[in-house]
Each structure stands twice: as C-alpha cells, then as structure tokens.
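In the order they appear, the protein sequences are chains A and B. 1 is the number of the first residue of the first sequence in the UniProt record's numbering; add one for each residue after it. 1 is the number of the first residue of the second sequence in the UniProt record's numbering; add one for each residue after it.
These are computed hints drawn from the structure, not numbers from a lab. What you are looking at is a predicted structure, and each value in this text was computed from that prediction instead of being measured. Glycine included, each C-beta is placed from N, C-alpha and C at the ideal position. Wrong hints could be hidden among the right ones.
[What the hints assert, rightly or not] Cut-off 25 Å, straight-line C-alpha distance, at most; resulting in silico cross-link-like pairs (PhoX-like, lysine-lysine): (1) Lys592/B / Lys47/A; (2) Lys2/A / Lys601/B; (3) Lys520/B / Lys47/A; (4) Lys17/A / Lys532/B; (5) Lys2/A / Lys643/B.
[Stated by the list, open to error] The following label-pair restraints were derived from C-beta to C-beta distances: (6) Lys2/A / Thr669/B: 24 to 32 Å; (7) Arg114/A / Asp555/B: 37 to 45 Å; (8) Lys2/A / Ile733/B: 32 to 40 Å; (9) Asp555/B / Gly60/A: 30 to 38 Å.
[Stated by the list, open to error] Computed from the model, here is a short list of chain B residues facing chain A with C-beta under 7 Å: (10) Ser485; (11) Tyr541; (12) Arg589; (13) Gly598; (14) Leu599; (15) Leu602; (16) Leu604; (17) Phe626; (18) Asn627.
In case you want the letters, here they are:
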Amino acid sequence: MKVNIVDWHGVATWHWKLASNDGKAGYVDELCGICRVPFDGTCPNCKFPGDDCPLVLGRGCIHNFHVHCILKWLEQEASKGLCPMCRQVFVHDPEDNPHSEEFEYLQQLEDGHRLLREKGETTYEE
Amino acid sequence: MIPLSNEIIKSILPTPTLSNHAYGQYSDIENDLQLLLNWLDPCFPIELPRQEQPQQGNNGGAFEIPTPRVKSAIRSCLKDEPSQFDFVKLYCNSMTSNFALYAPQMLQNLPVMETVNNIYTIQEYYSRYLRYLNLNSLASSLFSRHLKSLFYKYLIPDENSPAFLRSLTEYFNENLFSMDKNTELSKCISILQESGLELEVSSSIVSISIERVKSYILRTCSNIWDKPVLQHINQWMQVELYKYFSIIIKPFSSTTALLHLDDLIRIAHNELVSLRISEIFDIVLNFPTSKVALKELYQCISFLSPISGSGVNGPISNTPITSQTHQRQKLVNKFIEKCHAKLLHSGADTIDIITCYSSTIKSFLIIDPKGVLLDKVVRPIRRYLKTRSDIIPKVVYGLLNDDISSNKLIELAQELKKKPTFINNNNAGEDLDINWVPDPIDALPDFKKGKVSDIIESIISIFDSKSVFVNEFTRLFGEELLSLSNYYFDEIVQKSELLKVRFGENEFTTLDIMLSDITKSKTINETVYQTKVPPNSHLVYHPKILSHMYWPMLDKGVSTEEFNLPTSIQEQFTSYSELYADIPFGHGRYLKMVPSLGLAKLELEIQNETFYFEVCPGEAAIIDLFNGDGNDIQLTLDDICSKTGMTVYLATKYIQPWVKRNVLLEIETNSYKPNTSNHEIKSNSNFSEDSKNMMSSEHHKFARMDKLWPLILGMLTNLGPLSITKIQSFLNITIPKDQLESISSSNLTLKEYLDWCEKEKKLQLQQGLYRLWK
Ligand SMILES: [Zn+2]
Ligand SMILES: [Zn+2]
Ligand SMILES: [Zn+2]
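If we strip away everything but chain A, and leave its shape as in the complex, we get:
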C-alpha cells in the first residue's frame, strides 16, 4: 500500500517570543505586569490579539508589556520613564519591534523622559 498525503490542514497556535534576560533567567512572566492579562491576549482596550496589540520587549530589564499598556504608563510624568516592575530606566528593544506609529511614539516618550532626567541631574549638580 502506498500512502500519499495530498493535503494537510493542520492547526497551530502562535505565541510571542518573550525577552528573558538573554535566555538565562529560567522564569518568564507570562502576564503583562501592568494589565495582568497574558501577553498572548490583549490589553484592556483592544479586541484582537497579535498585530493589533503588539508586545514591547524590555532591553534594559527583562520585563515585557503590551505596547498600549507601557505607553499609558510612560505618558504619566510620575513614571519618570522607569519600568513599572523593576524601577530601572525602561528602554525597549527596537530590533524586535516593527516600525509603527506606536513604537515611534514609545521612542519619543522614552527620549522625553531621558531628557527630563538629564536636565534634572544638571539642576541638581548646580
């Protein structure tokens, strides 16, 4: 008997690749630290997961967020541009993220906070 597979309509699931501190940390949080929803789901304001509600991987620290969640956080001056989880300066990993308005805006927010910090330090030194 010869078996010939003509067509295979398989099923797979997609998952975000999460930043995990160069793969060394064993445990990666599967929930967005801000909205407490899994990364593979959506932030509270989105309906469709995936491209519509992408993920931001932290470069400075191991924390990841829904882009909409971290934007909301960084928009507040009180955030001081720090990661809400570990209080290090938040910098996203540009390599892992597509170019889009959301990420440009994120870059702006990060830059803004950096400038504020630098200015603050100068003032302090004077």
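Given chain A, put chain B with the ligands in place with the hints provided.
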C-alpha cells in the same frame, strides 16, 4: 280571608258627600252595590268550572252580560281610583280563598297541555267580568299580578321540586323542534307567559336549545381544526334552530324578546369555546394545521361580551354563558394542566418540548394577540425547559442547521433569518417609550409581550444569561472552522451576523477573534506560499494559526492529545514555522503545533487502485506508518504506539476506523497489516459514525475543481448571477491556462462541477443563470 259582603263593601266605599248628593245619586249607593255584587256573584265559582265552558264561547251558563242598570251601578261604585283599588283588593282576597277550592285539581299533576288549558279557562273566566269593570290601569294590573301569583303558587308550590317545570321541559324537549305541534306550542307558551311563568318558560326553552346546540357542536366540531366551523354553526342556528323559535314565539316576542338569534349564536359560540378549551392542548400540538380552529376561537373568545343591560333578569342570565375573563382563565388552566400531564415530564424528548413551546407561542398569539394568555401558559414550560440539560445544544443545532431533513427544529433556523420582532435592550430608557399602552388587565405583573411572542427571544430569555448559548455557538463554529479544508467561512459569518442581531454584537468577541485568526491564517498561508516556498516544492501543509487564548476547545478533549505526525508533515511544519517567523505577520512570534486537530486528505494506492480519504490527523498518522512501495508492512499495537508516541488507548481509537474501512486487517490480536485486496475497501462515508470526516467519493471527484470555488464565489458575489459561458470565460481570464488544465485534468466539465455545487446547495440555477445559494 274575608268574604266580600255588602257590609264590607259599604264600609270601604267613599262616604257620600255633598257633591254626590247634589247629583242626586246618594240614595242609589246601596242599590248599586247590591246590583254589582249580584252580577259578580257567579264569578266566585264554588263549583269546578267545567273545561268546556269557555271553549264553547258565549254559552255563558254562569256569565251574564251586564244590564244597563248593572253597568251604571259599576260606574257609580267604582267611580274613582281609591274605590277601584280597594275593591280590587277585596276581590283578590276572595279569589285567593276561592282558588284553594279548585286549583289543586285543575293545576297540579296533570299533563302539561291539560294544565295549560285549565289555566286558560280560569284566565278567561275572570277576564270576562273584568272587561266590564272598566278598571284603571293600576287596579287592573294589581288584579292581574294577583292572578299570576296565584297560578304560580299552585303550579310551582315547592321551588325545590318543580314538578310542573320538569314536565314542561320534557314537553318542550319533545315538541319544540318539530313542525307539527307549532300551534299548540305557541298557544302553550303564550298562555304560560300570560300566567306569570315567562321566566320559567324562557329558561326552559333556553336550556333545551343550549342542549341542542351543545350536542350539535360536539357532533360536528370535535377534532375538526383545519376547517372553519363558525359559519356552519351560524347557518345551522338560523336554519335548523331559529326557524322554530320564530314560528313559535313570533306573536309574543315583540315585548319580551324571549330569545334573539344573536343570543342563540352567542350561546353557540360559548359552547364552541368550551369544546375548544377541552381540546386546547391537542390543538396546539397540531399547529399549524389547527390554525383555522385557533382563529375561530379568537373570534369567539374576543367577541363574547359579558352579559349586560337588557339581560339582568332576562332569560340569558340563567344560561351558562361565562364571561370572557373566566373563559380565558379556563383556557389557560386547561392548557397548563395538560402540559404537565402530557409534556413536562422526563419521558418527553427535549426537541418535542421545544417544538410544542414554539407552537404554543404561535397558537396563543392567534387566540390572544396581546400575548397575555401566552405569557401565562409558557411560564411552566419555560421553568421546565430550564431544567433540561440538553436544551442548549438542541436549540443551537436547531438555529444553525439549514437542512430540513436533519433539523427537527428547522423552524428556529428559519426564524433566525427573519427580522426579530423584538430586540431586548436592557437600557433604562424603557419607561420613556412614547407608544406605551397599559398592559391588559389580566396580565401578570412582569408581563412583557415581546419577551414571549418572539420565539427565539422567548427561548433565549428562559436563561438568565445569553452566554450559555453564545458559548455553544462559539464551540460549534470553532469545530467547524478547524475542520475546514480551506480558509473560507462565509456561511459562518452569515450565521454569526444573524446571531449577533439576536444575542447582541458584543457577545461574540471570542468568535470574532476566531474568525479573524482564520482570515489571518489565510493571508499568512498565501504569503508563505507566494513569497517563500520554492515553486517546485511539495509542501502540502496549510495550517490554521490560532490565538490560543480564544479557542475554547484548545485545552480540552481531542486537542490535548499528543502524538507524532507523519515525518513529512512534521518537517513541513518546521520549515513553515521558519518561514512564518520571517514574514511581518509572524514577527516576534513562534508557532506551536496542535497535532491532533485538523484535517488530512489522503490517497491510498491499493492494488493499482486509488482510494481517497479525508481523515483526522490521528488516523492519518496511523495509516502513514503502513506506507510502503510493494511490500506490505505489518505492525503490532506496540510498534504503532512507539512510532507515533500514542498511548494504547489513542492508537486503538485511530486504528479502528481503518479496520472498519477494511484498509487495515487485524491479522492476529493487536497486529495489523494493509488489506491487499481492493474489493472491500470502503472509502465512502456510510460506515463511520464520525462520517463528517469522511469524503464521499463525489466529494473527492470534485476536490480538485473545488479550487475554483473561491473564484466562482467572488465572481457571483461581485457580478451577480452568471451563465455558465460567462463563468467559463472569466475563469479563462483569471487563471493561467496550464493551471486551469491541471485543475480540470479529470475529465469533468465545468458544467458537472457547477451542477454538483447546486446539489451541495452552494449554487442555485435559475433561468440558465447560476447564483449563490441564499
Ligand atoms: Zn498589558
Ligand atoms: Zn492593546
Ligand atoms: Zn523591568
């Protein structure tokens, strides 16, 4: 009893006055009285008046026409009202004592007609004298009332055992509806009416008529629900029943209006209503055949006006015409009682209960368009349905399946396609409805018409939350999506749009995400194949890539089975995953395979013959182990388990279908080998309970051509109905020639394919044009 005597009359007569004297009549008073009494004397018949007497006309053995002298005496004695009045009183008293002497013999225990004749004799006897007394109306009515009361007293001496009434009813019953006794009957009725028995006569006739009507209706209308009966009843009333009435009653009916035709018809309708109430449950079960009966019931029940006005003491007030409200209540009670006895118990099928529920809604809206009765009768059914564990899947299946032959609740599917008559919005604005009208008086406090009158809404509202249904829809659609052998799900979109109207747009978020997953998978698959896969590769892997948090079936049942797919597929998945990570849609993401879900299309070559199968991945993984050119492979269950990584349970589960198809033979216990004879191979779907995974041979025949379907679908959607020539030329334009040839390499013509699509209800052929099946 005071005998009327000279002295007494003298004492009551007015004292002579001056004016009397002036006219010179004073001295005549004594004389006049004597004369009057002398003449009246025979009117105290001590002896029994002989029957023949009045009938012989003016034999007047005892009666004398008053002489002028007597007449003048009458005038003088009864010249004014008070004296007439007092005279009559005394006259009556004498009559009373006189009656006692002969009335029992004349009026009691005799045949009806004899009694009636005697009444007549007595009446006549008195009226002769009365005629000459020239009494004024007050006095004469006092007299006639007294006479009537005397008759009544002797005819019906005991209200509790009215012997005379019984024999009267019997007499009527025998003679009322036969032509030959008309005259006698008319006479009888009129005499009895004159003697104070109007009511008794009327109610006797009415109750006989009602009996007639009742038996007529029972005889002609029982179980007749599909033909109108009201018209026949009305006609019968007029032709068969009322004609006797009019003949019998005509001369006397002008004032008392014994029975109008309207009254009779009303009685008849009332009887029909009673009959229908007793049949109501079966009438509902027989909907829509019983529509006519329901409409007529509506006519009867809504125009049955309560007894009013004229009828307070009229004959109808004694009849059992029940008020509208009462009838409605009886109808509700009867239906609920039958429902409990016949339907709402564990022996009944859920589908039958739902069907009956739907018929109940439709039927009761005919009987009572306002929905008040419906609201009452559905409550117990709703309460019961809520306890049925299988109602949700049954209703969901009913709503989604368009196949009349397999869907017993096809009605729901048809209903879903209609515009809802009622949308339940829980907004607070409800009270501000400017079209608000008060609920009918017998409505229950939480009555809401729309909630009960729309069948789908009514079923949904049995449950506190719509999510029980929505979850089931989502589950079903999910299964359907994963068993697609392509990425087209228009039908599901159409259905989900209809469902959204009913269940609310926002309830379907999960389904929307699932649909978007499939749409994205299609794009991804196209991108991968168009930009990444080398043209001559043999990739056959087409995945559906799911957002794993939104597919309810992903973490239970079949989807959790783990095993190895055929090596080629495993490899294809790996290369697909790499290609996926390389395109924008896969950016930052990776794929995980769900081996047990999906669909595989296989060709098996057995003895130079090819068989086609559409199977689940588990079955495909098993049969792939037996792939070998020429030499047959024999495998034990253990081999199979270790090669596929399946548990014994899983392996057995997926081997069995192949054994049933005669593709694998179990040569010894738990040892399998391909069948080398191609005679008994069953590649059709008729052998397996999960036959939906099996392709019919026809299906396979057209599998290749099915690749044309998306194109045809697009054409017909955008351009409307097309002829086959148009379709062919569009295909020629859109598909490169060699591809088109390879698609239709089988010698099938486009015509055959389109005809098959028509058979599969994808297309409709009308006047030479193909259009999409609606
Ligand atoms: Zn978040
Ligand atoms: Zn979002
Ligand atoms: Zn951090």
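Problem set entry | Satisfaction of hint between lysine 47/A and lysine 592/B, Cα-Cα up to 25 Å | holds, 23 Å
Exercise. Taking the beta carbons of lysine 2/A and threonine 669/B, is their distance inside 24 to 32 Å?
Worked result: holds, 27 Å
For this session: Hint says 37 to 45 Å; check whether the CB-CB distance for arginine 114/A and aspartate 555/B agrees.
Result: holds, 43 Å
For this session: Double-check tyrosine 541/B for me: the hint is only fine if its C-beta lies closer than 7 Å to a C-beta in chain A.
Result: holds, 5 Å
For this session: Answer holds if the nearest beta-carbon of chain A is closer than 7 Å to that of phenylalanine 626/B; otherwise answer violated.
Result: holds, 6 Å
Problem set entry | 25 Å limit on alpha-carbon distance, applied to hinted pair lysine 520/B and lysine 47/A | Holds, at roughly 15 Å.
Exercise. Keeping to a limit of 25 Å between CA atoms, is the pair of lysine 2/A and lysine 601/B held or broken?
Worked result: holds, 14 Å
Problem set entry | chain A contact restraint for leucine 602/B - C-beta distance below 7 Å | holds, 6 Å
Problem set entry | chain A contact restraint for leucine 604/B - C-beta distance below 7 Å | holds, 6 Å
Problem set entry | Pair hint outcome, lysine 2/A versus lysine 643/B [Cα-Cα no greater than 25 Å] | holds, 18 Å
For this session: Check the following: the C-beta atoms of lysine 2/A and isoleucine 733/B are separated by a distance inside 32 to 40 Å.
Result: Taking Cβ atoms as reference, lysine 2/A and isoleucine 733/B lie about 38 Å apart, which means the hint holds.
Exercise. Per the hint of 30 to 38 Å, is the separation of the Cβ atoms of aspartate 555/B and glycine 60/A within bounds?
Worked result: holds, 35 Å
Hint compliance for this structure: no hint is broken.
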